[in-house]
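Protein sequence lines, in the order shown, are assigned to chains A and U.
The opening position of the first sequence corresponds to residue 4 in my numbering, with each subsequent residue numbered one higher.
The opening position of the second sequence corresponds to residue 1402 in my numbering, with each subsequent residue numbered one higher.
These are calculated hints, taken from the structure and not from any lab test.
Please note: incorrect hints may appear among the correct ones.
Derived pair list, reagent style DSSO-like, types lysine-lysine, alpha-carbon separation capped at 27 angstroms [what the hints assert, rightly or not]:
id	chain 1	residue 1	chain 2	residue 2
1	U	K1632	A	K221
2	A	K221	A	K365
3	A	K365	U	K1525
4	A	K207	A	K218
5	U	K1456	A	K218
6	A	K367	A	K207
7	A	K365	A	K218
8	A	K207	A	K221
9	A	K367	A	K218
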Amino acid sequence: MMKRLMNIFKKQSDLTTILLFAAGVLTMPIWLDPIGANYPDLLQKFVIFGIFAVGYNILFGLTGYLSFGHAVFLGVGSYTAVWSFKLFTMNVLPAMLFATLISGLIAAAIGFVSMRRSGIYFSILTLAFAQMFYNLAYSVLIPITNGETGLQLRMHDIRIIDNYFSDPVPGLPSTEFFGMSMNGYSGFYFCAVVLILAFYVAMKIFRSPFGLKLKAIKSNQHRMRYIGSDTRPYLITAFIISGMFAGLAGALLAVTDPLAGAERMQWTASGEVILMTILGGVGTLFGPLIGVGVIKYLENIFSAINDAVLHNFFSFMPLWAENLLVAITAPFVGEGWHLTLGILFMVIIIFLPGGLMEGFQKIKTRYLTKSMKDSESTTKQE
Amino acid sequence: MDSILIQLLNGLDKGGAYALIALGLTLVFGTLGVVNFAHGALFLIGAFCAVTFQKILTFSKKVLDPNITFFDAYIEQPYLELWFGETGLAIIDYAVPLSIIVTIPTMMLIGLAMERGLIRHFYKRTHAEQILVTFGLAIVLQEIIRHFFGANPIPTPAPDIVSGSAAIGTWIGLGENFVYPWWRLIYLASATVIISSVFAFLHLTTFGMVVRAGMFDRQMVAFLGINVQRKFTIIFGLAAVVAGVAGAMYAPILPPDYHMGMDFLVISFVIVVVGGMGSLRGAVAAGFLLGILQSLASMTVVSSLLPGIDQIIIYLVAVVILLTRPRGLMGRKGVMEN
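Let the hints inform the model, and build the full structure from the sequences given.
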């Protein structure tokens, strides 16, 4: 019985995978309700960072090149999208197109240079580029980025296309997709559809000859070169694709909240996406998404907790124990969420470098071998 | 002319800090083969050793203000002053230099604990995993600091006697306007002393000789019956001490806050790579070089020509050097190449 079930899952085609995935994503408001994660803001974050992580996984998961500069593309995507809102139209489609294109161009430039080196040198090169962009966003590029205030919509923006077709309405306009507002759940469903498309592309890449080549590069690049295939074009392409995914995610961040700030480009933000990818499982299709879900969910919960909540939570205990426990746990919640994140990160790398997916796999094999042995022994008895 | 000289001194100063951190990074990398992203956090902890020491010295008691007689006014008076009078105040004044006495053993302990507790489990793992786990550790250490000291920079003044500026101009005959803060000069001097003593330690002592031999061919040294691992662990502690002292001394120049470690780490890593992974001389040379370049680029003449260059010069140089000289300035052959 178990075996037959496994076979069904093994033989699943691309179509069933994507359909299952789409169903899973679109019903998120339902099955996330019991754990208290069913509100638009958080759901949007899940899917947007999901796109970011899926894209990052195409580079890091498939080729093993550890980029410390992917937050740049997220930031560039956001800025481009907000500029598109300011200059052309509040429709999100052009914004997303521009963002993907421009971050793709920048990724091509950075990738072309960085991909000349590998290993830690590649990481440092991408880090150096990221720091350049970050520092410039706060100094020379202030006319474009609006510095520390962040780039935001204004009443008197040009908005050529919108103003050509209709009279400007009073108040700040909001982002829309041919009339569909991008606030709340409609925003989430829009991002979810984009995520499903992005996931489909990533899955196709994973299962294509191109993806196989990238995996081969990860396992032994020298051998790839010896058999006469030039790895550089493939690496640069992977870098560009993952940069475009990041740009798209950045654009969606701006779609759901039209504000772009340079702190999105800080190198620790790149660290965060690495963390999500690794937590879930590098190089697996679903791993990064699980990582995003876990981290964004925990972030949401932990950073909302304060001392009063803790006191309430431990209130069943005697007063001294309550105070003691609150004193112990307080540094890890609220503002201290990053501490918990750092510890979680270290624990994962130390004990489970393959991420949660590897953990599931281990549990599954242990359970399966056990049940198989059990069934064998029962058949013998019969 | 004056401004160029001032910027040169600034650059040497900054370069001193960069070189000290990069030196420790390279030592750790050369001996243990570990890429330590938590090294910036050691610099940070060093700076906060100075802050803590100063806080402990200035533990205060509320006493009646004798100057105000109309009502009961209280002022804070440090215990040291209450107990020792003028001597106590003098001790408080010298908090930062004195803190180094505490910083050295503390950093040694932290370094050894870090190596034994975490790093040694990562010798055999990939560099990517080493980077990631130490990155996590850096976040943890930084957040612990933030929990105890808050998010704002904490001013940590240098002793009064050196808080002014040195009239360098009059010494070398360039006019009285050419002055430079004393403490920065002291920092530069002590950075030079620390760097030379590290090199002296490595080149003039038996311990250093064994360590260098171990960096060159670890297996062979181990065959000779020497416990290389223990020596390397001590080197890790030494690297932590160097970074910590650099941090403690830097506190009066830049009031420490919780993310200064990360800020310095990125630049130091770039410097290590520019100098050549595994080359101590390269790290020191690149540290000073990039420090000076950064300072020169921030001059008004330069930034009016190329706006924003001061922000990116280090990274730009790094990119160019990495692409043209793959091993960095002084990198050895066969280190970190794949």
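Now for the hints, and whether the structure bears them out:
no.	hint	in the structure
1	U:K1632 / A:K221	violated, 35 angstroms
2	A:K221 / A:K365	holds, 23 angstroms
3	A:K365 / U:K1525	holds, 22 angstroms
4	A:K207 / A:K218	holds, 14 angstroms
5	U:K1456 / A:K218	violated, 55 angstroms
6	A:K367 / A:K207	holds, 26 angstroms
7	A:K365 / A:K218	holds, 22 angstroms
8	A:K207 / A:K221	holds, 18 angstroms
9	A:K367 / A:K218	holds, 24 angstroms
Violation of the numbered hints given earlier is confined to hints 1, 5; the remaining hints are satisfied by the structure.
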